[in-house]
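Next come the chains, spelled out residue by residue.
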Amino acid sequence: MPAHDVLIIGAGLAGQRAALAAAQRGASVAVMSKVHPVRSHSVAAAGGINAAISVDDDWHSHAYDTVKGSDFLGDQDAIEIMCSEAPAEVMELEHMGVTFHRNDKGEMDLRAFGGASMKRTAYVADITGQAMLHVLYEQLMKHHETVELLEEWFTTSLLIDEAGCCCGVIARDVRSGRIEAFKAKNVILACGGAGQVYKPTTNGLIVTGDGIAMAYRAGAPLMDMEMVQYHPTCLVETGILITEGARGEGAHLLNAAGERFMEKSAPNKMELASRDVVSRAEQIEINEGRGVGPNGSGIYLDVTVVPRKRTLEALREIVNLGRDFAGVDITREPIMIRPGQHYIMGGVKTDAEGRTPIEGLYAAGEVACVSVHGGNRLGANSLLDTLIFGRRSGEHAAERAAHMGMPEMDPSARLREDAAQIDAIIARPRDGRRVSEIKSELGELMNRYAAVFRDEAGLQTALETIGRLKEESAKAWIDDRGTVFNQDVLGAIELGYMVDCAEAIVIGAIERKESRGAQFRTDYPERNDEEWLKHIDITLSGDGAGEPQVSYSPVTITQWQPEERKY
Amino acid sequence: MAESHDRPPQPFTLRVRRYDPESGDAPYWDEHTIELEPHRSVLEAILQARDRFDGSIGIRCSCRQAICGSCGVRVNGEPALACHTHLDAAKRSAPDGVIEIEPMGNMPVIKDLIVDMDAVHWKKIQRVTPWLIGKQPVPEREYLVPRESMVDVTQTMACIQCGACVSDCLAMEVDPLFIGPAALAKAYRFVGDPRDDQHFERLNDLAQDPHGMFDCTHCFKCVDACPKDVNPMGQIMRLRRIATADHHIVDDNNGERHEAAFTGLIRDNGLLWEAELLPRSYGGNSWFGKFHPRAGKELLSSLPSIVKALLRGKVTPMGALKPHRIPKQDLASVRSIYDRIEGREERFELNLYIVGEDEEPTTEVPVAAGVVVDVLPDPPGPDAAPAAAADGGDEPADPTSPEGSPS
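Note that the protein sequences, when read in sequence, are chains X and L.
The first sequence maps to residues 1 to 567 in this note's numbering.
The second sequence maps to residues 1 to 407 in this note's numbering.
So here's chain L without its partners, still in its complex pose:
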């Protein structure tokens, strides 16, 4: 059995961010030392401190097993469920050995570790029309849908609405109106559900919204934060792929064109040609595009950063105006990646929620265990089979490019 059962209790010190809205005082830090076995959770430590020393420590909690989603906090600056964070691990990641616990970010604090999730999180969930709009006519029995599609949407169904991803979403820090990782993952739960009748409407709505799916900056914070492997960013990327490749939605936010420009430039040059990115995003791959009025406007608004970059020597005028060059054989390799991906008959949607293999050899070859982060940049070779195949099943197959990154 696991050795963790045998380790005796030891002292751990917690530094808890406290805030009493009735006192009129600023937030302050409060320290308590408790004793528990090292594999017990930060929540159990907080509860022990509350039971033994100070019953006024505010934290929402219930299940103690990472399913109710109540106890989202920040542990040593990182968003986490308190019940899902081991004390020994938390102590290791604390610079001074004192486990620091704060309320989640991006949401107003009500008291101590309790934040107001309505104002930010739930309002945004409500924004994505978060209920199934079933295909008509409703069958007498269950909808007949592919097995894989239900396994697939179960990944986003597994979201426990804890708010950890919202807490540390960088895009939301910049644009508080950004619909955000949790709500967009929730949106995928319907877009990926073949029973839903409004895929296009949902996607179009979220693509056209200036705070919608193209607002995500690919920072992976939500992927790291999620305690349930929901992979919110991955779901956002799937929304984009389905919107652009399958439904051909061209959005006013230029998300679709930006993505095409990005991947096109890399195909042509092997490396990103930054100066060409903007005109091509607005005007497409043509000489006239450079004079697209919106490109000009965007260029104008970016001038201060461009000047700064020039002054600091991060960009040289020649380097910006000419594409970067890479050796010929490297460029050929880059293009062969494109050819291989685009040559597929069906788009390869990896669902890495279910990973692993049977003990006995089967036709399915293991996909490296771990979350999607490990695999996203490299499209898998033909020898790796998808654990679960394409979304929906009724979507038209379309080759697609690797992740484009409008940033």
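This is chain X alone, in the form it adopts within the complex:
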């Protein structure tokens, strides 16, 4: 049976960064991913990465912007760590080879981003995530003798021993269909968010909440799951993301009357207010009949105000996206966009070392909730989050591994159970619904009731429907009976993960009876610090088999007391 000091699930930025950090500390490391590392969804991050690297900047300013962006729900100790370590981390990535855009002096150039009090976003055109992911993968190729890559292995469950410690995983080799147990002293979940719970979403088809759901089922608490970010600029039809970098470079948002409506809700920052504020403002325009397009369901993003050459150089990818996916030359005419699901601020509860309450289980990146993003993540803070907490998890896990033996645990029962589960899915009679139908209904449901604006009645409808979809998904049938690359059966398992995530999101949203960050309750339109300046934790009772239980934990405040949030 394979056994490693540190086993990382997910090979995006957080996972690869964790792997490098753990390997550098001498641990034996494996990275397991259901796709090839460069296909990970970090690749789609466009705009950049925040760090106070300018001589005029100060990490405290970055930290304050982040706290304010989080609507004071972020834990300030973790935010201080992230922002103070950011400059060195970004420099390290530069030294590894990331081709950050330069200014005329040859220094790293910085662009403006939403919610930031100054230019502090380093970038590689608008393919920053891709450049960073590929450069980290270069490093994994360089260290191929010390970091084992388990590409196209699908994790089905976490192994938890009798003492409640995590000591490995069960996974299926996608190519051969073989199922195997992997022992590990530590497991780091770095497998991203759960965007596919929504339809449409900016997230890739692989982003199905696997890590969130596996940790939840293993008994780990999920925190602030109701905090789901809608990105202000997504293509109307497909939900494809148009980077915030566009507004960072100066693009305007216009309603049907051609007004820059952001002056109503954010007179100072205008289009560069934080994402929750901009998405809400757009949705109000659309709801009140000032939207553009056939059904008035969109808003214009006007990039033509940015000098054309600058657009072609620094926003090249969205020029292509506009041309290829909307038939629009964004350098010549405005493009129709709307808010769309983009990011889950919530996730598996961790501390600043990436530790979850389950011994031996870490989480980093979008799967985790440290929480540095609180109620709303600032643009270009997610890449930073993946690197800082990926590295810290890797380092801590390697350290822990150095002081312990390989866990003694017999995984065979769990292995048999998971294998039987897969066989059962493949053998299901065709009397229920197709997996794809249920997934589609779930996504539309969430996008209707757990979106930018929410209320009790809608959320209750969502919760009831999710209950039904949960039952249906347990019987949902598939076509593929094979073992080699049976993506169909993996889709059925992913649907189970997604339903669990959806349920946690809706429970959190029902619980939080206030409006803060991305959670806007039309029935509780004010922020209520007295009662709700706290995290909502959701745990499955009875070792993960039972019902969701809600509890609360305090928000850590170090320097910045909650205040009214204005942009």
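Rather than coming from a laboratory, the hints here were simulated on the basis of the structure.
Hints are not guaranteed to be accurate.
[Stated by the list, open to error] Keeping only pairs whose Cα atoms sit at most 20 Å apart, straight-line, the calculated EDC-like set for lysine to aspartate or glutamate is:
| no. | chain 1 | residue 1 | chain 2 | residue 2 |
| --- | --- | --- | --- | --- |
| 1 | X | Lys-199 | L | Glu-37 |
| 2 | X | Lys-199 | L | Asp-51 |
| 3 | X | Lys-309 | X | Asp-109 |
| 4 | L | Lys-135 | X | Glu-107 |
| 5 | X | Lys-142 | L | Asp-197 |
| 6 | X | Lys-475 | L | Asp-51 |
[What the hints assert, rightly or not] If you want the footprint, here are the derived chain L segments under chain X, 3+ residues with CB under 8 Å:
| no. | region |
| --- | --- |
| 7 | 16 to 28 |
| 8 | 64 to 74 |
| 9 | 107 to 116 |
| 10 | 120 to 131 |
For glycine and all other residues, C-beta sits at the position ideal for the given N, C-alpha and C.
Fit chain L to the known structure of chain X by using the hints.
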């Protein structure tokens, strides 16, 4: 707004190449008709077929926006990303109106549209030492490098490793060991990066390798195939130019001498003198060169094709032994091109990744939009300014010839 938003869904028929490795059966074709708006992608069509009719259709995919590089396939015989190919365009290019989707070429098929990229693509990427070997000492902050150089290498950084160029590389079909377009473009990403300390070593390695940079035959297939405008062939040509002109690397594969012979012959005669090409490639521009043993060996191995060409009347003995002649004024024009290029103080490295102009007039005059193919054969006149200048910045300036073509 674009009219494409308004067009209603319409039926499209897909013909998908299927292969089930467990069945023991040969690959077969499978047809499905779906309904989608014409500007939606081939990937969306495949996913609809999979969701509605047959969940067992195998295809890797994730982002749906041409950034993750998973869904490389062949559409109507041409390599493409399924998510980056519009249904209406695909239907137009299908001879019978049925959109044909197959797995990529040059790589073993695992199942349906899924190929094994490790065996070919990733192994070759690993071959080019694909990580930065930074100059020492590593600075405390960032390396200070020219703005243009980072924009320049970002073109190859933009490669999403989809394999489309590998799929249709003709040189790789002939020589499966050819390092190939994607990996060589990746190599340029380091050679063009002024932070890298191993430019000479990298170039020498790739020049001396018999399956390296001189194995490319200039067929432009990879340029057409690339969905991200990485222009792999252009990067290979830049590797050659830097290796030969800047680092004076003379390779055992005769790539450098062949290029010099090629361009020299055209300068002298205005047209290629095929019979002289081989001796001069091996022996240089001297009478003795014709008797270079390696030239003789190469000539001997080429005899069957030469005889065939003679028999079919494609070559006449006189035509082969004497240079082709062109009118004097034409020859003078050809030479003036050489003079103009070689008279430049700095080599003109066009980076056509970033093309376009500001609305307001600036000092930079637009370079024709489009990919590099449009411009490669014609060195631009002095009135066209480079969108981004020379590679690296620290490379010695050297005049160079137009593309030589060892083929």
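(message) Lys-199 of chain X and Asp-51 of chain L were given as a pair; does the straight-line alpha-carbon distance stay at or below 20 Å?
(response) This hinted pair holds, its Cα atoms lying about 15 Å apart.
(request) For the pair supplied as a hint, Lys-142 of chain X and Asp-197 of chain L, confirm whether the alpha-carbon distance does not exceed 20 Å. (result) Given that 20 Å is the threshold and the Cα spacing comes to 16 Å, the pair holds.
(request) Three residues minimum, CB to CB under 8 Å: does the region 107 to 116 of chain L make the cut for coverage by chain X? Let me know. (result) holds (count 4)
(request) Take the C-alpha atoms of Lys-309 of chain X and Asp-109 of chain X, compute the straight-line distance between them, and say whether it is at most 20 Å. (result) 16 Å, holds
(request) Test coverage of the region 64 to 74 of chain L by chain X using CB-CB distances below 8 Å; three residues minimum. (result) holds (count 7)
(message) Against the 20 Å threshold, does the CA-CA distance of Lys-199 of chain X and Glu-37 of chain L hold or violate the hint?
(response) The hint holds at about 18 Å.
(message) Does Asp-51 of chain L sit within 20 Å of Lys-475 of chain X, going by the straight-line distance between their CA atoms?
(response) The given pair, whose Cα atoms are some 16 Å apart, holds under the 20 Å limit.
(request) Can you take a look at whether the region 16 to 28 of chain L is actually covered by chain X? Rule is 3+ residues, C-beta closer than 8 Å. (result) holds (count 3)
(message) Taking beta carbons only, do three or more residues of the region 120 to 131 of chain L come closer than 8 Å to chain X?
(response) Check passed, 4 qualifying residues.
(message) Tell me if the straight-line CA distance from Lys-135 of chain L to Glu-107 of chain X falls inside 20 Å.
(response) At roughly 16 Å apart (the allowed maximum being 20 Å), Glu-107 of chain X and Lys-135 of chain L satisfy the hint.
Violated hints: none; the structure is consistent with every hint.
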